[in-house]
Amino acid sequence: MANENKNNSSYRVYLFVFFSVLLLALSAWVVWDDEFGLRPWKKYQQEYKSLKHDKLEKDYKRAVVEFQRAGGHRKLADLEAKLKKAEDVFNSKETQEKYARVNKQLTDIHEQVVQNQKELRDLRGQFLESEYYFTKTQKQEYKAKMDGLQRKIDVNLLRGTELQKKEEPLKLSLSEFTSAKAAILAEIENMKNGLEEKKERIANNDKVPVDIKQIHIKDVDRADRCQSCHIGIDGKSQVSLKQPFTRHPASFVYLDHHDPSKFGCTFCHRGQGRATTSAEKAHGKVKHWDEPMLDGDMTQTSCLNCHGDIKGLRGAETIMKSTELIKKYGCYSCHKIPGYETVGDVGPVLTEVGTKVNYSWAVSWLLDPKKYFSTARMPKFFFTQDQAESIADYLFSMSGTTRHDADYTKATPNDKLVEQGKALWAQARCNLCHTTGGRGGNHIKVYAPDLSKVGSKVNKEWMFRWIKNPNAYFPGTKMPRFRFTDEEIRGLVEYIVKEYQDDEAEMKYVQPVEIKAASIKKGKELIQQYGCYGCHKLQGMEEMVQVAPSLKQQGVTFLRSNEMREKIGTELSSIGSKPVDMLDFGKLKKSIPNDRLSYIKQKLRDPRSYRLGLRMPDFRLAESEVNELASVLYGFTDANVPTRFLVPSRQELDRMAGVPSYKFTGDFAKVIADVKCTNCHAIRGIGADYAPDLSVAGSKLQESWIRSFLANPDVIRPLLQQMPKLGLSQGKPVAKVTMPRFNLGKQNVEDTNRSDVDVVINFFQQELVTSDIPKEVPKITTVDMTEQISKGKQLYDEKGCRACHQVGMDGGALGPNLSNVGNRLNSGFIFKHLENARKFKPDIVEPDYGFSERERIYLTNFLMTLKLTAK
Amino acid sequence: MKNLTDITDKVKKNLIWKSIFRRDYRNTVRDRAMAVFGNVFLHLHPVQVRESAVKLRFTWGMGGITFFAFIILVITGVVLMFYYHPSVDQAYTDIKDLEFQVPYGVILRNLHRWGAHFMVIVVMIHMFRVFMTGSYKAPRQFNWGIGVFLLVLTFLLSFTGYLTPWDQLGFWAITVGTNMGAATPLLGYQGPFSELLHITPYNDVRFALLGGAQVAGNALLRSYIWHCVAIPLVATILMLVHFWRVRKDGGISKPQK
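Here the protein sequences come in this chain order: A and U. Under our numbering, the first residue of the first sequence is numbered 1, with each subsequent residue one higher. Under our numbering, the first residue of the second sequence is numbered 1, with each subsequent residue one higher.
Hints may contain errors.
Straight-line alpha carbon distances no greater than 27 Å define the calculated DSS-like cross-link-like pairs of lysine-lysine that follow [unchecked claim]: (1) Lys96/U to Lys218/A; (2) Lys287/A to Lys96/U; (3) Lys118/A to Lys165/A; (4) Lys136/A to Lys165/A.
Just so you know, the hints here were simulated from the structure itself, not pulled from any lab data. These numbers come from a predicted model, not from an experiment.
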């Protein structure tokens, strides 16, 4: 028994020892892991420090070599010798005696000065005392005392000034003794300084402690520790190109405007700012962290967090381009998206579509818009033939028409009319907006429909009415009214219908067929289900009358307007921060990565792939468009951003300040509603950037020039923006395009007796002016005008203006042609433009030559002489 | 050797030593007993136990291990409280900071978390053993009853601690758990007779647990107080009774002869 017990206990001892050792080892591992394993940034910081040390040392050594190569050491030796000599001179017995003598004099005088000041203080004290008693008692004895003291004070002050006068030269002569030495010392210091500073930097770098670097944004309790590893991200110079040590790319755009110590990193880059234990965790690329880090251009999506208006924002070019897609495809029509509440319908008005298009065309378009033309923006809804016909039936019945097609292939047009129409087609520059089978369509952002098959789509009567007055059919359309005569329009219609026929078009209903009520009802249901009303105007009380009376009896009415205006899609205002758990991956749960970006991209690529019964149509986006749109949507967040970060858009600022946003009023509003100037030009923040901004055009352009330009844009070439851009700035090079002629000046503006050109000119001169630009260049009376002009010409030649600008046949093509600038621009504008061109066009390439005012006047006077005489 | 006795004399023969240890210790039965009597921590334990009672094969030592887990949880829990704010804005980031920034935060939190799971498992094994060995029978019926309460308290500690990180897991666990309360007869507004008794979402047991009608800041604060103060206090008192009764009911249970 005892024996067994003993054996047993020795075995237990081994077990005990084993577990004790295990516990000790584990404890040691815990300590090691906490110190190093979980703190990988320590290693990075050490490495960065040594890299920086090497770099600074290299700098220092190079500086030393340069110093020596430039003979620095010899100079230094010379200086030191000089210093020695100067010291010897100073220390010589003779000098020392003189020095002591002057010094003694100075000390004596200084003592007197001190004594004098003490006396003055004393006197002033007594004076104040007497003054106090005098004001209190009004006794004359105090007054007399005060007068006596005042006299004494005056004497004292005089003596003080005299002493000072004596002191000054003594001080000067004293410093003369040491000045030579001091100058040499300063020079030596100066020479050594650069080197010493570099040496000091090395020492300072070595002293930098290794510790966690954190940016804490208090009001939202956000702690970003990214810099613990990315230690050189906001450094002044690049220490290493190795990650994580590099500097922030383009930091002059991003970091300079977003001080990292105030903004941190994760507001823009997302990721897990608090994590420090591994790169994957810190970058948020781990399970259960919904916000993986954004890098590259994708980061620009974060600009949308704070910037209300990213148009023209430097560093946000990619996202800015991508936001165009939202407008292009009209995402806001079905989804609520902040900032797009007031944007108009993306599709055309369909209230009277039955009077416009062929029934067969409408059905084929509903089935597959891209079959008609490949760049169609309308998505595919995957309707069956039956469904498409029902929808078309509904739309046609609302227009009060039947199923009908107009076939013009067999008609024989009037050749003379067609010829005239063809000429007008070219002259009116229809191709500027409308493509015809891949040609034309330079102005992309108006998204004008392709016309290559339009002859088989619409009927002639409608086309005539349309060109005559587009607003009548589609209020708010981008199509301008060209003010053609009826004869001209007829020719244009004949030409278009003849030229642009679709050979493959089916015409099943050349003989009209009545529409069945059941089909209309089904069509209405489909329209409600798929929300066609999101993009197209379908309803309105005034159209009620157009429902055929027979159909009204069968119970078909228009949809209620509030019913139609509801958005049928999911709200997208915070899709970029929606928890991943709330996204329904459905069938694809296991086949695509379960993160937000993948979800959005898949939805855009194939909208109905997650499960059955989804309604979103297929836009058949290119992969590049999918990526761009996804990056924009990713930026729509409800991120907790401190209000001090927010940069409201101009409109928001105006609203907050109570400033009404700019609106066109009066007769000019009527002209602009007709001619649609803002399709291309921007005026006071309204409009597009396709053509020059006209906000200060009244100050800039001469009236006579505007007049002749509007009358005939082809003859006097508008020389503003039509040079090829040569790819120097963002965007596609703009081909040579001129403004279409809108035939202004032939008619009066509605309800007035003023010609439309007069109205435009009046508006330019009343509204589009700024007090920043004087009407005229300032005059110099002292110099003769001819001399001024010749001096201006000299400057023009000297500064090499002709490298970019053309005058006559001579000069470059980068800047505007200046041959006729004297007729085009106001002299005041040229004068101001030469001072600061960027004020008027921030992205202008013109260099700043830093002209003096006089030079600018000379140059302006010279430029004003450049005039083409009318032939 | 003489030096060593000098040093020990110096250490032992003074007022401080004597005031702490009170008497000399010789390895005799009496002194061993006195050592246990004289120590506040040890005196709950009997001075002597039968050899058969310490056989691991019979008791599995589960009661003692449960108590050991509890002590670890109290110690780590108190340290964790230094780094934690029971507020909606800070709770989750505090947990993140424990993971990433606090010295020894990872081991601290994991000890607490795994220790909690461990305690729940061990306490159930303890109960299983007591049942299988019939140790709940007379004279230990009362102590079995106390044990059942302690089991419930252990579960409640685990449940309330689940919400404190304020993550999705905890949030939904508490949502589900308190909804069960809402569906309980006579206690919750969804249970039977609730209309009869005028029980609404604003006066039922769920409301009491959450401090409101939904899982929010008040629920977090309540579960924190229950977890860190109220339940541990009650559990400690019941544990003292439990241990005391083990002795009074005839010592630790042992195999029948």
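### Message
Checking each numbered hint in turn, tell me which of them this model violates, lowest number first.
### Response
Structure breaks hint 4 only.
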